[in-house]
Amino acid sequence: MIPIDLPTIWAFIIAFAVFVYVVMDGFDLGLGILFPLFPKKEDRDVIMNSVAPVWDGNETWLVLGGGGLMAAFPLAYAVLMPALYTPMIVMLLGLVFRGVAFEFRWRTTRERNRWDIAFAGGSLLATLAQGIALGAILQGIQVSGRHYAGGWWDWLTPFSILTGVALVIGYALLGATWLVMKTEGELRDRAYQLSWLLLVAMLCAIGIVSIATPFLHVQYTHRWFAWPNIILTAPVPVAVAAVTVMLLRSLANKYDYQPFFLTLALFALSYAGLGISMYPYIVPQSITIWQAASPENSQLFMLVGVAILIPLILGYTAWAYWVFRGKVKAESGYH
Amino acid sequence: MFEGWDAVVLARAQFAFTMSFHIVFPAFSIGLASYLAVLEALWLWTRREVYINLFNYWLKIFAVAFGMGVVSGIVMSYQFGTNWSAFSDKTGPVIGPLMAYEVLTAFFLEAGFLGVMLFGLDRVGPRLHFFATLMVAVGTLISAFWILSANSWMQTPTGHALNAEGQFIAVDWFKVIFNPSFPYRLVHMVLAAYLTTALVVGAVGAWHLLRDPHLAGPRVMFSMAMWMATIVAPLQILAGDQHGLNTLEHQPVKIMAMEGHFQSHKDGAPLILFGWPNQAAGRMDYAIEVPKLGSLILKHSLDAPMAGLDTVPRENWPPVPITFWSFRIMVGMGLLMMGLGLLSLLMRFRGTLYNSRPLHMFAVAMAPSGFIAVLAGWITTETGRQPYTVYGLLRTVDSASPLAAPAVASSLIAFIIVYFVVFTAGVIYLLRLMAQPPHHGEEGPRSDVPARAAGITPAAGAVAEGAAR
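Protein sequence lines, in the order shown, are assigned to chains U and S.
If you're matching positions, the first sequence starts at 4 in the numbering used here and goes up one per residue.
If you're matching positions, the second sequence starts at 26 in the numbering used here and goes up one per residue.
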């Protein structure tokens with residue numbers, strides 16, 4: 004059974020921060036990925052405006068994930084970052100391009116197209132890099148002593164490319180269903196069509212990654228299929244099937260909110276599956292959360308802040324979303 | 026491009042490059058956020074239209090600068106791991122929590138309220154909007170608090186111990202956070218941010234006054250900025266002096282490098298004004314110096330003995346030429362700022378503050394001086410504490426990631442290209458915004474978008490209507 008101690012609590016906190024990041028920045032990056040499919044300036048303005056007030060807060064969860072990892076599991080941070088060197092740098096540069104595009108594209112007419120490309124390209128690169136990083140972590144990392152011991156291309160394998168593409172599809176689906184929720188008229192119709200297409204692609208991606216993962220390590224196979232583990236793991240695919248059915252129905256009925264939140268549920272289940280595969284390792288098959296944990300007084304010192312501040316943060320973040328709730332009107336452009 | 030450089034030097038170059046680009050944006054936005062809060066408060070209090078026009082004018086500029094600060098900051102938070110993994114492993118338990126607290130107490134606060142600050146006036150009404158502006162301003166200051174605490178601990182570590190794995194661990198968090206150099210560094214940096222912003226605001230005001238001295242907006246911003254320069258520049262010089270004395274106590278070798286004191290002086294050290302530090306030979310070439318003034322400034326006594334770098338093993342020397350010269354550039358900028366402040370005070374008493382062309386031209390020329398001083402100051406303190414990342418305890422060469430030089434070189438080249446493309450464009454857009462004078466009915470960033478969307482209360486709309494008139 005899972006023991007309740009500080010490293011475990013912190014593993015859940017970091018996992019939570021990363022998941023909130025995926026929830027919030029996923030659709031945000033997805034909009035960038037879908038950008039080339041919406042060539043009209045008016046549509047692009049609406050798409051941008053639907054996230055402009057909140058994108059910065061969304062990305063802060065990524066900083067918390069990274070900073071929190073360094074503080075709570077410094078050894079894991081010190082091993083993972085050099086191992087994922089190239090994907091990390093690519094992700095950061097991608098985020099630079101897409102982040103500045105939010106402001107820059109309103110400041111120029113002549114070069115707007117350039118910043119639209121920066122927004123789309125940056126979003127795609129950042130997502131691909133995140134997905135590849137995930138795959139690279141899952142497939143295992145060479146460690147010697149307290150250092151990364153592999154080469155600087157180890158992250159690149161067919162499996163990591165697969166997870167990279169899968170995440171691009173997933174974020175695009177989040178983006179499409181976000182547009183269904185936040186827009187109207189023709190733009191919303193396009194988003195519906197794309198949601199169907201992307202949902203089918205995402206289900207394929209979940210299927211392929213789920214089948215491929217157990218082949219990476221015998222431990223993964225054991226974790227998922229050995230008795231009695233299977234009692235605990237079997238509900239995950241069952242729940243995925245149930246959510247899929249609901250998602251298909253919500254799309255068929257052209258609901259506004261359900262497709263987005265059900266897609267999030269799909270992400271949550273995939274994420275839970277990931278947790279089941281990895282636990283209790285933070286660097287799969289080489290470093291456990293207890294080996295990587297900072298001393299108790301560091302984790303305790305931060306836990307006090309997290310316990311008080313995270314609810315507060317979630318509160319005012321929700322308020323910001325509430326302030327900008329509702330559909331973003333097509334005619335409300337920028338001048 | 027970087028053949029023959031070793032991985033550690035490349036990693037240092039990368040950190041210096043990305044950090045230098047990053048620091049100018051927070052330095053500007055810390056000051057600008059506070060300035061915006063003051064403008065909005067003045068508007069709420071007096072209801073004078075000029076204040077809301079200025080608020081919206083600087084808000085657009087803030088949005089662009091803040092965006093650049095955010096994206097270059099995310100890079101920093103991951104760079105510790107990618108290029109300095111040994112440092113992260115060893116110091117993570119101590120400075121990791123400080124940075125985590127920065128994210129929790131500052132970054133979220135800024136980001137959470139930024140959207141409302143930028144686009145939400147019509148949606149939430151002026152009072153709640155002012156609260157959002159205040160939260161963003163407070164957030165920038167809290168952020169400075171934590172990151173400067175972390176930096177200061179690396180400079181003057183206290184309250185820690187080492188564990189069996191060779192990691193630093195905290196024994197006393199209060200001593201870690203409020204380490205000896207932290208209060209001085211915090212005051213010095215926050216004042217620097219305020220000065221930097223004031224000099225930019227003053228330069229923009231002066232630029233427009235040069236064309237038309239009757240413009241209401243530029244007159245108000247120029248006057249406000251010159252008050253800041255008049256009052257804060259001398260305070261900053263005082264704070265810098267105190268910071269220097271603190272450094273002398275805790276990092277004397279850094280002071281030796283800043284002062285260019287290669288030799289020890291038994292009865293009063295000179296103040297070397299200028300010279301060419303010859304690190305290899307261990308002497309100052311072409312020195313122009315004032316006898317005994319160095320001891321007077323640092324020890325408050327003409328004949329006080331001062332140790333020089335000849336008392337320190339060579340392998341512990343910081344790069345003296347960089348430290349020596351960046352310090353002089355910073356001090357020079359500070360003196361020019363004080364000069365501008367005093368000149369503006371003189372013109373103010375003469376009643377020619379808005380008509381003096383030489384003053385306005387001086388103020389325009391001083392636009393980048395704050396940024397130059399901030400960069401020079403950081404270069405002084407960061408090269409002056411070399412060859413250590415944690416002063417006296419962890420050497421820079423033992424802090425880097427186990428990476429091959431080509432990996433670090435490629436990422437460095439990528440950062441250089443991307444940063445130049447992106448931030449050059451950003452600076453051009455900022456200058457373009459500043460080239461327009463603030464006008465009657467100035468609009469905020471995309472002010473019409475939220476107004477037409479759902480969920481607006483009639484009362485807030487009416488107030489905002491009134492505000493816009």
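Calculated directly from the structure, the hints in this document are not laboratory data.
Bear in mind that the values here come from a model prediction, so they are computed numbers and not experimental data.
Glycine included, each C-beta is placed from N, C-alpha and C at the ideal position.
Incorrect hints may have been included.
Claimed, not checked - Only part of the chain S face toward chain U is listed, based on derived beta-carbon distances under 8 Å:
id	residue
1	Ser110
2	Gly121
3	Pro122
4	Ala136
5	Val422
6	Ser426
7	Ala430
8	Val447
To be verified - To spell it out: a stretch of chain U is covered by chain S in this simulated footprint if at least three of its residues, at any positions, have a beta carbon under 8 Å from a beta carbon of chain S; those stretches are:
id	segment
9	29-42
10	141-153
11	192-198
12	202-209
13	253-264
14	302-312
Right, here's what the structure says about each hint:
Interface restraint check for Ser110(S): the shortest CB-CB distance to chain U comes to about 4 Å, inside 8 Å, so the restraint holds. Given the 8 Å rule on beta carbons, the hint for Gly121(S) holds: about 3 Å separates it from the nearest Cβ of chain U. Here the hint on Pro122(S) is kept, as its CB sits about 5 Å from the closest CB of chain U, short of 8 Å. Hint on Ala136(S) holds. Least Cβ distance to chain U is approximately 4 Å, under the 8 Å limit.
The criterion of a C-beta within 8 Å of any C-beta in chain U is not met by Val422(S), whose closest approach is roughly 15 Å, and the hint is violated. The restraint placing Ser426(S) at the interface with chain U holds, with a minimum CB-CB distance near 4 Å, inside the 8 Å limit. Annotation: Ala430(S) was flagged as interfacial toward chain U, and the flag is violated, the nearest CB pair being 11 Å apart, outside 8 Å. Checking Val447(S) against chain U by beta carbon gives a least distance of about 6 Å; that is within 8 Å, so the hint holds.
With 0 residues bearing a CB less than 8 Å from a CB of chain S, the segment 29-42 of chain U misses the requirement of three and the coverage assertion fails. Only when three residues or more bring their CB closer than 8 Å to a CB of chain S does the claim for the segment 141-153 of chain U stand; here the count is 4, and the claim holds. Check result for the segment 192-198 of chain U against chain S: violated, 0 residues qualifying (beta carbon to beta carbon below 8 Å, three or more required). Proximity of the segment 202-209 of chain U to chain S, defined as three or more residues with a beta carbon under 8 Å from a beta carbon of that chain, is not established by the 0 residues found.
With 0 residues carrying a beta carbon less than 8 Å from a beta carbon of chain S, the segment 253-264 of chain U misses the three-residue requirement, and the given coverage is violated. Under the rule that three or more residues need a Cβ within less than 8 Å of chain S, the assignment of the segment 302-312 of chain U holds, with 5 such residues.
Checked against the numbered hints above, the structure violates hints 5, 7, 9, 11, 12 and 13; every other hint is satisfied.
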